[in-house]
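Colleague: Next come the chains, spelled out residue by residue.
2 protein chains.
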Amino acid sequence: MPRSILALCALLVVGLPAHAQPDPLPSWNEGPAKQAILHFVKATTSKTSPQLVPPEERIATFDQDGTLWVSHPLYAQAMFALDRVHALAPKHPEWKTTEPFKAVLAEDKAAIGKFTESDWELIVAATHAGMSTEGFLELVKDWLAKAKHPHFQKPHTELAYLPMLELMRYLRANGYKTYIVTGGGQEFVRAYSERVYGVPPQQVIGSSILTKYEMQNGQPVLMREPKVFFIDDHAGKAIGINLFIGRRPQAAFGNSDGDAEMLRWTQANAGDRLMMLIYHDDAEREYAYGPAGGLPDTKVGTFSQALMDEAKKNHWIVVSMKKDWKRIFSSHELAGR
Amino acid sequence: MPRSILALCALLVVGLPAHAQPDPLPSWNEGPAKQAILHFVKATTSKTSPQLVPPEERIATFDQDGTLWVSHPLYAQAMFALDRVHALAPKHPEWKTTEPFKAVLAEDKAAIGKFTESDWELIVAATHAGMSTEGFLELVKDWLAKAKHPHFQKPHTELAYLPMLELMRYLRANGYKTYIVTGGGQEFVRAYSERVYGVPPQQVIGSSILTKYEMQNGQPVLMREPKVFFIDDHAGKAIGINLFIGRRPQAAFGNSDGDAEMLRWTQANAGDRLMMLIYHDDAEREYAYGPAGGLPDTKVGTFSQALMDEAKKNHWIVVSMKKDWKRIFSSHELAGR
Chain A
3 MPRSILALCA LLVVGLPAHA QPDPLPSWNE GPAKQAILHF VKATTSKTSP QLVPPEERIA
63 TFDQDGTLWV SHPLYAQAMF ALDRVHALAP KHPEWKTTEP FKAVLAEDKA AIGKFTESDW
123 ELIVAATHAG MSTEGFLELV KDWLAKAKHP HFQKPHTELA YLPMLELMRY LRANGYKTYI
183 VTGGGQEFVR AYSERVYGVP PQQVIGSSIL TKYEMQNGQP VLMREPKVFF IDDHAGKAIG
243 INLFIGRRPQ AAFGNSDGDA EMLRWTQANA GDRLMMLIYH DDAEREYAYG PAGGLPDTKV
303 GTFSQALMDE AKKNHWIVVS MKKDWKRIFS SHELAGR
Chain B
3 MPRSILALCA LLVVGLPAHA QPDPLPSWNE GPAKQAILHF VKATTSKTSP QLVPPEERIA
63 TFDQDGTLWV SHPLYAQAMF ALDRVHALAP KHPEWKTTEP FKAVLAEDKA AIGKFTESDW
123 ELIVAATHAG MSTEGFLELV KDWLAKAKHP HFQKPHTELA YLPMLELMRY LRANGYKTYI
183 VTGGGQEFVR AYSERVYGVP PQQVIGSSIL TKYEMQNGQP VLMREPKVFF IDDHAGKAIG
243 INLFIGRRPQ AAFGNSDGDA EMLRWTQANA GDRLMMLIYH DDAEREYAYG PAGGLPDTKV
303 GTFSQALMDE AKKNHWIVVS MKKDWKRIFS SHELAGR
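Chains A and B are the protein sequences, given in the same order. Reminder that position 72 of the first sequence reads as 74 in our numbering, one-by-one numbering, no gaps. Reminder that position 189 of the second sequence reads as 191 in our numbering, one-by-one numbering, no gaps.
Watch out, some of these pointers could steer you wrong.
One copy or two, it doesn't matter: identical chains are merged, so the pair holds either way.
As the list claims (entries may be wrong) - Cross-link-like lysine to any residue pairs, in silico, SDA-like; alpha carbons within 25 Å at most:
{"id": "1", "residue 1": "Lys328", "residue 2": "Ala91"}
{"id": "2", "residue 1": "Lys229", "residue 2": "Gly115"}
{"id": "3", "residue 1": "Lys49", "residue 2": "Arg197"}
{"id": "4", "residue 1": "Lys314", "residue 2": "Gly220"}
{"id": "5", "residue 1": "Lys104", "residue 2": "Ser29"}
{"id": "6", "residue 1": "Lys229", "residue 2": "Ile211"}
{"id": "7", "residue 1": "Lys214", "residue 2": "Gln269"}
{"id": "8", "residue 1": "Lys143", "residue 2": "Thr118"}
{"id": "9", "residue 1": "Lys116", "residue 2": "Ile319"}
{"id": "10", "residue 1": "Lys314", "residue 2": "Phe154"}
{"id": "11", "residue 1": "Lys214", "residue 2": "Ser120"}
{"id": "12", "residue 1": "Lys229", "residue 2": "Tyr215"}
{"id": "13", "residue 1": "Lys314", "residue 2": "Val223"}
{"id": "14", "residue 1": "Lys328", "residue 2": "His317"}
{"id": "15", "residue 1": "Lys315", "residue 2": "Met217"}
{"id": "16", "residue 1": "Lys229", "residue 2": "Arg249"}
{"id": "17", "residue 1": "Lys116", "residue 2": "Glu58"}
{"id": "18", "residue 1": "Lys143", "residue 2": "Glu58"}
{"id": "19", "residue 1": "Lys143", "residue 2": "Asn271"}
{"id": "20", "residue 1": "Lys49", "residue 2": "Glu286"}
Honestly, the hints are just simulated from the structure, not real lab data.
Whenever a hint applies, use it, and build me the whole structure from the sequences.
Modeller: Okay, structure coming up:
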């Protein structure tokens, strides 16, 4: 077979995807955010671009809670932990009289809203440790199959943001590796990251607890210990990216103060870079909080005025959910609040 | 263009690599080790095989020192550390009278051979910390460009084992992701893993020290701190694989007692698995140590009789460098010892 026919074949095969997908971001309204994404991808992946980034250096990192899916009124993982407290309560009669468990069992929302970091640490230690890594994955999968978001009354895995799913697919179609870099539990997110976001477990970087290698019935297992190993938030996001990837991202996406270091770390890379913050200003279709007001900030997931100021100063793009997103959810359009 | 021509094109493109590479392992002698590799790859990747492993689950992990390149008489990283002690000595006059630095500066090989783990910790803290992650990478690259192995008189990066390079390429050509899982320093290995082994930084799992996020002249940097964060050896290899990959390997390759947990962790996976130990029994072309005798085991990198017994019991394949490898080094055949 002549070489020219082979070359023609290659051209045809390479050329196909471009025809199949005219607008890669149909859930984004026209505007500066969408334009910035399209420009960035073209500048860093077109073969003739002076800003071309080699494929092996195409790294994009995404915060999860509030950036890829709903995180109000509580992180999904916090709801999982509270449900686990209820499930484990029969084995812990002392919890009826011991805080923070007492408040959880009494479903005292005001008290739960005021839990300190050490309250949550006690709850995580009681609910996320003491089982094998495989056993924990099963617990999370079982919970996800049954649990519903208290307002939207849908499984959490259906509350991923459609525009962000499109963005991740678009970046991957252009040779980018998409990583989740979450303050949440690494193993928790790995239970659904591949199914919901198309992100395999080795591309999920998160907070983790210690695991201990043991032989049980002649088989090696990793048991989860009630002790923090790594916190992947704020400076931890830059540290985690270096630890797990060993390369700086070319693009990074967050929604809260805990993502600032990741965006700075990305901006300090060379070439064209894209830093974006998802701004929850849509009280109709989702929530409005941070400087957009409407809801009080929770302690975690804060979008402070200082972050808004830094975004402006550093030319980070603030994505308005209200103006920039045509649709918010993937499988359905949910009723207003 | 008719669909049938497109299909023909696809077949042609897919069919090409098979013709281009008749024997994927030319540096391996015929024998049980080579047969086991060929059988494993066919069984886990042929579309009609009942043992077919989905592409996203094709993970192969490799120890580095002694498995992928020469680790005697000292690990390359230990030689780097000793050279750094010499380079930094003018700034540390107290080292002339303080162990373990005094022995290093006096080039007292007998004393260095007896260094304890805490001696090495002092040396690592003095030579691997106090600079940024980028600064450290530069130091390692500079050293690699100049340093030579004391016996072979070649750069360390030319002392990778050709049969293992062929094996890694062969696995990758069949959809496997190849990871390095090393007791050595993660950042040290990342300085050359892509160039020498074709393994990108995010696929290097190793021991690491703490890093601290700081702003310097308005730019974020990660400074290396003189404190251990994670030891990726023995149980740490199973823990590190779960932490970084979140999936069990289908194949694992080691050469010492520190790799046993990684091989057990791999064997506890489902389906066809391949566990191999590289056995240094070639005093002519490289070294003979462990039960093969010839050289005393160093404290690190030991191949004990217990490991040999476990290999036999668990049907792990012991690769004889002398019998199974036609050639040992990549760019040249080195003179005998």
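Colleague: Each hint needs a verdict: does it hold in this structure or not?
Modeller: Checked hints:
{"no.": "1", "hint": "Lys328 x Ala91", "result": "neither (44 Å within a copy, 64 Å between copies)"}
{"no.": "2", "hint": "Lys229 x Gly115", "result": "within (23 Å within a copy, 37 Å between copies)"}
{"no.": "3", "hint": "Lys49 x Arg197", "result": "between (32 Å within a copy, 23 Å between copies)"}
{"no.": "4", "hint": "Lys314 x Gly220", "result": "between (58 Å within a copy, 16 Å between copies)"}
{"no.": "5", "hint": "Lys104 x Ser29", "result": "neither (44 Å within a copy, 66 Å between copies)"}
{"no.": "6", "hint": "Lys229 x Ile211", "result": "both (5 Å within a copy, 19 Å between copies)"}
{"no.": "7", "hint": "Lys214 x Gln269", "result": "between (37 Å within a copy, 18 Å between copies)"}
{"no.": "8", "hint": "Lys143 x Thr118", "result": "neither (27 Å within a copy, 46 Å between copies)"}
{"no.": "9", "hint": "Lys116 x Ile319", "result": "neither (32 Å within a copy, 57 Å between copies)"}
{"no.": "10", "hint": "Lys314 x Phe154", "result": "neither (33 Å within a copy, 57 Å between copies)"}
{"no.": "11", "hint": "Lys214 x Ser120", "result": "both (23 Å within a copy, 23 Å between copies)"}
{"no.": "12", "hint": "Lys229 x Tyr215", "result": "both (15 Å within a copy, 23 Å between copies)"}
{"no.": "13", "hint": "Lys314 x Val223", "result": "between (48 Å within a copy, 22 Å between copies)"}
{"no.": "14", "hint": "Lys328 x His317", "result": "within (23 Å within a copy, 58 Å between copies)"}
{"no.": "15", "hint": "Lys315 x Met217", "result": "between (54 Å within a copy, 16 Å between copies)"}
{"no.": "16", "hint": "Lys229 x Arg249", "result": "between (28 Å within a copy, 22 Å between copies)"}
{"no.": "17", "hint": "Lys116 x Glu58", "result": "neither (44 Å within a copy, 42 Å between copies)"}
{"no.": "18", "hint": "Lys143 x Glu58", "result": "between (32 Å within a copy, 20 Å between copies)"}
{"no.": "19", "hint": "Lys143 x Asn271", "result": "between (37 Å within a copy, 20 Å between copies)"}
{"no.": "20", "hint": "Lys49 x Glu286", "result": "neither (42 Å within a copy, 50 Å between copies)"}
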